[in-house]
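Enquirer: Please take these sequences and the hints and turn them into a complete structure.
Chains as they are written, first to last, in my numbering: chain F, 1 to 193; chain Y, 194 to 258.
By construction, these hints were calculated from the structure, which means they are not laboratory data.
C-beta: ideal position from N, C-alpha, C; glycine also.
Be a bit skeptical, because a hint or two may be false.
Below 16 Å or equal to it, Euclidean Cα-Cα: the simulated EDC-like pairs (lysine to aspartate or glutamate) are [said to hold, decoys possible]:
no.	chain 1	residue 1	chain 2	residue 2
1	Y	Lys249	F	Glu48
2	Y	Lys249	F	Glu189
3	Y	Lys249	F	Glu186
4	F	Lys110	F	Glu189
5	Y	Lys247	F	Glu53
6	Y	Lys249	F	Glu53
7	F	Lys110	F	Glu186
Covered by chain F, per the in silico footprint, the following chain Y stretches (three or more residues, Cβ under 8 Å) [unchecked claim]:
no.	region
8	229-235
9	240-251
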Amino acid sequence: MSEPTQTDARRIAEEARERVRFEEEALDLSDQVFRVARHLVGSREEAEDLMQETYARAFRSWRSFTPGTNLRAWLLRILTNLNIDRGRRQQRTPQTTSIDEHPDYYLYNKIEEAEGRPLDEERVIEKLSQGSIVDALAHVPHDFRDVLVLVDIGEFSYADTAQILDIPIGTVMSRLHRARRILKGELAEEVAT
Amino acid sequence: MQPYLDRTLDDTQVREAEAHLDGCSYCRSRYRFEVSLRRYVRTAAAEQMPVELKAKLSALRTPLQ
Numbered sequence: 001m002s003e004p005t006q007t008d009a010r011r012i013a014e015e016a017r018e019r020v021r022f023e024e025e026a027l028d029l030s031d032q033v034f035r036v037a038r039h040l041v042g043s044r045e046e047a048e049d050l051m052q053e054t055y056a057r058a059f060r061s062w063r064s065f066t067p068g069t070n071l072r073a074w075l076l077r078i079l080t081n082l083n084i085d086r087g088r089r090q091q092r093t094p095q096t097t098s099i100d101e102h103p104d105y106y107l108y109n110k111i112e113e114a115e116g117r118p119l120d121e122e123r124v125i126e127k128l129s130q131g132s133i134v135d136a137l138a139h140v141p142h143d144f145r146d147v148l149v150l151v152d153i154g155e156f157s158y159a160d161t162a163q164i165l166d167i168p169i170g171t172v173m174s175r176l177h178r179a180r181r182i183l184k185g186e187l188a189e190e191v192a193t
Numbered sequence: 194m195q196p197y198l199d200r201t202l203d204d205t206q207v208r209e210a211e212a213h214l215d216g217c218s219y220c221r222s223r224y225r226f227e228v229s230l231r232r233y234v235r236t237a238a239a240e241q242m243p244v245e246l247k248a249k250l251s252a253l254r255t256p257l258q
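Expert: As structure tokens, then:
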């Protein structure tokens, strides 16, 4: 009886070490996860709740994570699923009936027009305040914003984003394209007013 | 332009895009604008995680037996 018990003890100790390692790695990534989470929901409070739910779930189901794969993507997969489960579709974001979409260079042209002369790019950007970017992001409808936030703020690849949101890569690309146009349209409104 | 910015083109397409950008100041200035805008969105949107939240997340860890 003593042999199996020792083996068991070793196995348990090894598993505990793996779990600790997993938890530490997950916590090390929490700043980066938060940065994305913050813009997937409407407020800082919601983002904080969602982070806690995500980490509670992650720590419970750590065994289903495959070591050596992308832990940050795994955590965001949990987070986006929880966010959808929370019935975010009923939340905030005035879902405009028609989405303003403009050609790719709309924002650039609009700013140039407002200035009445050709612009250098850095100056154009200076015209946009930090708050206006955050507001504009919040006005991009959910499905498009998720993709934009994961790719542009989270710096995930199209493939990782597709996996996180469980949508085809072609959908990631088309939503991203539209999301950027919508965002730029929102920013152009700001500049024009 | 977008696939070039997202680095999703293959080598041949990248060369074509770069050759075009080299010769077209209209696209080049808009390209630089897009690059700056993306960088700006990333920085403007960066919000620090509150320290209290980090502590709360740590508290969710499995207690050691």
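Enquirer: Hints first: check each against the structure and report whether it holds.
Expert: Now for the hints, and whether the structure bears them out:
At most 16 Å may separate the alpha-carbon atoms for a hinted pair to count; Lys249/Y and Glu48/F meet this at roughly 10 Å. Proximity of Lys249/Y to Glu189/F is assessed by CA-CA distance (about 39 Å); at most 16 Å being required, the pair is judged violated. Of the supplied pair hints, the one linking Lys249/Y and Glu186/F is violated, its CA atoms being roughly 36 Å apart against a limit of 16 Å. Restraint check: the Cα-Cα separation between Lys110/F and Glu189/F comes to about 9 Å, which is no more than 16 Å; the hinted pair holds.
At most 16 Å may separate the alpha-carbon atoms for a hinted pair to count; Lys247/Y and Glu53/F meet this at roughly 13 Å. Among the hinted pairs, Lys249/Y with Glu53/F is consistent with the structure: their alpha-carbon atoms are about 11 Å apart, no more than 16 Å. Of the supplied pair hints, the one linking Lys110/F and Glu186/F holds, its CA atoms being roughly 12 Å apart against a limit of 16 Å. Taking a C-beta to C-beta cut-off of 8 Å, the region 229-235 of chain Y contributes 6 residues in contact with chain F, enough for the three needed, and the coverage statement holds.
With a threshold of 8 Å between beta carbons, the proposed coverage of the region 240-251 of chain Y by chain F holds, since 9 of its residues qualify and at least three are required.
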